[in-house]
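Peer 1: Both chains are sitting in their own frames, so use the hints and assemble them into the complex.
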Amino acid sequence: MVEVAVIGAGMTKFGERWDASLRELCTEAGVAALEDANVSGEQIDALFVGSMSAGRFIGQEHVGALVADYVGLGGDLHVPATRVEAACASGGLAFRQAVAAVASGMSDIVIAAGVEKMTDVGDATDVLAGAADREWESFAGATFPGLYAMIACDYMNKYGLTREELAQVAVKNHYHGARNPFAHFQNEISQSTVMNSTMVASPLRLFDCSPVSDGAAAVVVCSLEKAREFCDTPITVLASAQAGDTIALHDRPDFSTMGATVAAGNKAFAQAKLERKDIDFVEVHDCFTIAELCAIEDLGFVPKGTAGKFTAEGETQIGGKLPVNTSGGLKACGHPVGATGIKQVWEVVQQLRGEAGRRQVDGAEVGMTQNVGGTGATVVSHIFRRAC
Amino acid sequence: MTVARFWRRIPQRYNLVGTKCNTCGDVFFPPRAFCPHCRRGGDLQEIQLSGKGKVLTFSVVHSASDQYSDQKPYVLAIIELEEGARMTTHIVCEPDEVYIGMPVRSVFRVLDEDGTDGVIHYGTKFVPDE
Numbered sequence: 001m002v003e004v005a006v007i008g009a010g011m012t013k014f015g016e017r018w019d020a021s022l023r024e025l026c027t028e029a030g031v032a033a034l035e036d037a038n039v040s041g042e043q044i045d046a047l048f049v050g051s052m053s054a055g056r057f058i059g060q061e062h063v064g065a066l067v068a069d070y071v072g073l074g075g076d077l078h079v080p081a082t083r084v085e086a087a088c089a090s091g092g093l094a095f096r097q098a099v100a101a102v103a104s105g106m107s108d109i110v111i112a113a114g115v116e117k118m119t120d121v122g123d124a125t126d127v128l129a130g131a132a133d134r135e136w137e138s139f140a141g142a143t144f145p146g147l148y149a150m151i152a153c154d155y156m157n158k159y160g161l162t163r164e165e166l167a168q169v170a171v172k173n174h175y176h177g178a179r180n181p182f183a184h185f186q187n188e189i190s191q192s193t194v195m196n197s198t199m200v201a202s203p204l205r206l207f208d209c210s211p212v213s214d215g216a217a218a219v220v221v222c223s224l225e226k227a228r229e230f231c232d233t234p235i236t237v238l239a240s241a242q243a244g245d246t247i248a249l250h251d252r253p254d255f256s257t258m259g260a261t262v263a264a265g266n267k268a269f270a271q272a273k274l275e276r277k278d279i280d281f282v283e284v285h286d287c288f289t290i291a292e293l294c295a296i297e298d299l300g301f302v303p304k305g306t307a308g309k310f311t312a313e314g315e316t317q318i319g320g321k322l323p324v325n326t327s328g329g330l331k332a333c334g335h336p337v338g339a340t341g342i343k344q345v346w347e348v349v350q351q352l353r354g355e356a357g358r359r360q361v362d363g364a365e366v367g368m369t370q371n372v373g374g375t376g377a378t379v380v381s382h383i384f385r386r387a388c
Numbered sequence: 389m390t391v392a393r394f395w396r397r398i399p400q401r402y403n404l405v406g407t408k409c410n411t412c413g414d415v416f417f418p419p420r421a422f423c424p425h426c427r428r429g430g431d432l433q434e435i436q437l438s439g440k441g442k443v444l445t446f447s448v449v450h451s452a453s454d455q456y457s458d459q460k461p462y463v464l465a466i467i468e469l470e471e472g473a474r475m476t477t478h479i480v481c482e483p484d485e486v487y488i489g490m491p492v493r494s495v496f497r498v499l500d501e502d503g504t505d506g507v508i509h510y511g512t513k514f515v516p517d518e
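Just so you know, the sequences run in chain order B and D. With the working numbering, the residue at position 38 of the first sequence is 38, and numbering never jumps. With the working numbering, the residue at position 77 of the second sequence is 465, and numbering never jumps.
Just chain D, same shape as in the assembly (with noise of 0.2 Å):
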């Protein structure tokens, strides 16, 4: 990812801030500027999520692009966070402990490296939370 890009994003990378549609209730994660259920009837304000969700699904990730071959086998999940909001991310944890429900909180981690001399991204990953 290109640096500004990741630029863009930091607030929501590192601080997992959401926006909640004051008119149907729903959290969004990354932050919508637009409800896409209530649509110009939508009322979004700035929401600091907990991190601290479930696994709906996950996968163990055995071949990967070159930019995360170096972490292979990871766990890919899909997470639902307490407020309602869903996203993809890595679970950090050995490949044979993560199932569906599983409880997880948000920490802050590496997630790659632009080679030995480029920039190096972070943002938030999940750990087991039991």
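Here chain B stands alone, though its shape is the one from the complex (with noise of 0.2 Å):
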């Protein structure tokens, strides 16, 4: 197979973005992924778009068609974009497919992109329901929250789990989000905050939860042989995993662990010939709170019941043991769906470049992704090192 890096990244500010609608949002992110890798759409041979749900959304579905179109690609050059869906894996997914046409020889400059416009609609609590098992999980009344709340409720029963060691999953992704200039929350919040807040699904509140946002993520990717001609530091992937498990969460032998995370996780680290202790930073997928801590767990960093702990003792925060979601994560960053995947792929590249700013990791050498789809039916984990 042929080696892949990431030449060029962009995304745009998450949040309520009122002044943009999806084709905005995606040429915001497209062409500053474009201007960062140093390329022209002359060169780009395809494009696959992630989005969850643009159909219930905003009404629009054939979204590959339309974001190659306002990117410029669509009319004049005629290029492949297609349209990739795995719920709240979509970004990922969007990005593997990236990775593959890349590596099987088939297309030499690809563009990944994810995207989602979540606040122009009524009831996103039952459009993200669609990434449950509609007929046995949602009709039963369970929504997302919900179904993470069992989770949590299972995982504090086995482990002892408290609430305030759970609180300080947000404490921290707020903090990271406070230092960087795209997220969607760029304040830091208290403990109390996140246990004074509006109960959601009990036991997770408000501050348990990443919130609904718009927003829109892009990079480019390409050869390593050939990325050297775009720019000084290309990020090869070292590994490109999926794993899939039952689509309703009643269906695994234990709810506190993600079997797809276990066996995308392994498959990476297989595939980069790495240990867990090479990681300098992962960006994981924390919709809700507990999920952070089930994923750290998950990919091996550390025991089973113990991730709660770890982060209590600060080890997850910059400057600590294995710092997770220094984009400050899905829920500081905020969780335009589609864009997530892609968005955790672009903190990477920003992190391994030393471009991070206030949030930089210092000495980072090789980052990982772990990207989700319901609740956790669908698992894409990536390595990343910078090439020397």
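Treat the hints with caution; some may be incorrect.
[Stated by the list, open to error] If you want a taste of the chain D side facing chain B, the calculated C-beta under 7 Å gives, among others: (1) S438; (2) V449; (3) H450; (4) S451; (5) S453; (6) M475; (7) I488; (8) P491; (9) V507.
[To be verified] DEER-style ranges, computed between Cβ atoms: (10) B:P253 - D:D484: 25 to 31 Å; (11) B:E3 - D:E482: 58 to 64 Å; (12) B:E24 - D:P491: 54 to 60 Å; (13) B:H62 - D:Q436: 54 to 60 Å; (14) B:E225 - D:S457: 53 to 59 Å; (15) D:P516 - B:E3: 55 to 61 Å.
[Stated by the list, open to error] Some chain B residues judged to face chain D by a derived CB distance under 8 Å, without partners named: (16) D123; (17) W136; (18) P145; (19) C153; (20) S197; (21) F255; (22) G259; (23) V262; (24) A263; (25) N266.
None of these hints come from the bench; they were simulated from the model. The beta-carbon is built from N, C-alpha and C at its ideal position, and this holds for glycine as well.
Peer 2: Set out below in structure tokens:
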């Protein structure tokens, strides 16, 4: 297989973007990525766009073609554009398709983008519930916070996780988000803010939940060999892994362990030929605070049941043993669902280039991402290294 | 949920009919035509479930989709039936009553209505069985 590298990355400010439509968000992120990569439209072979539910959020399907058209790749250049969907893992999966297209030799230079426009709809809770089993979970009253709340309930019962430890995930992610100019929320919060916020689905409160956001992100990939023509610090893709699981949470043997994260993580480490200790920082899918704890355990960084203590001791904050979600994560950076997986790659690129500013992880050389669809029926994980 | 999608599931929604794989012994609800463990080696037959089970995990939902907003706060749970199948369901009880391990039994209830003139959906919920 051809070795693949990321040569450009761009994203919009995440948040309530009443000023921009879906196509405008994509154009903003796409142009930023192309400028960053120093490539022109004529050089692009293919475009993959991750979007969970543009059809229900804004009534727009055929998003691949729409985005290609408005970033100037459709009409004159006729670049093939493909929309990719795996609920909240749509972005990570779009990136994986772009990597596969280059690795296989089928394409030379490919854009992977992700987008979601969520604030123009009435019932986002119901649209998002479509990522679960509609007939046998959502129809029984399961919301997404409700499903992750049941994971948290199981986890707290098994491992004695405290409410305070869980709150620290959100406190830490807001600390990071306050240092990311593209984040939805750029304010620090205290533990009491989390603990006193509105109950959404017990034990999860409002500040345990990622927000409804608008936004887009895009990255440009090509072969490592070609990458040096465009930039001095290509970011090599060392591993691209994906794993699946049952669609419904109730069919999993252990609600507190995401089997697809375990499987994707193991595959990724095997491909990269790396140990857990080689990873300098990780972007994980903290759609809810409990999900971040499960993620760092299921990827093998800490033993099961200890991530709460690890977080409360500050080890997942910048400067700790394993900085987690330096972008602010889904909690503070925001969660425009289809864009999240691409934003994770964007953050890894900033960190590995040493361009992450006030949230820079010192000496970052190897970074990892973990992007989850639903309650873990799809997990996509990538490992990256700064090419020397 | 559309009416047609609801009709297709009538036996399972009203009677808790699942399937059992005679090869591995696992019981599934909703029924599966194909055993995910034995795959082509599976041998599935219908099984009437007793409707008795226990709570494995739960949450009290305070923020619901529009469809269920008139019922909040409500108790959402994953339960394990005696036969081994697991399902996500409402537990009809006070929010502070529910606990992990609570015995429950199935009941026939209104699930929701499509507005004042629309179809009323009936189905299975669970209540404490103590």
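Peer 1: Of all the hints given earlier, name the ones this structure violates by number, lowest first.
Peer 2: 1, 8, 9, 13, 20, 22, 23, 24 and 25
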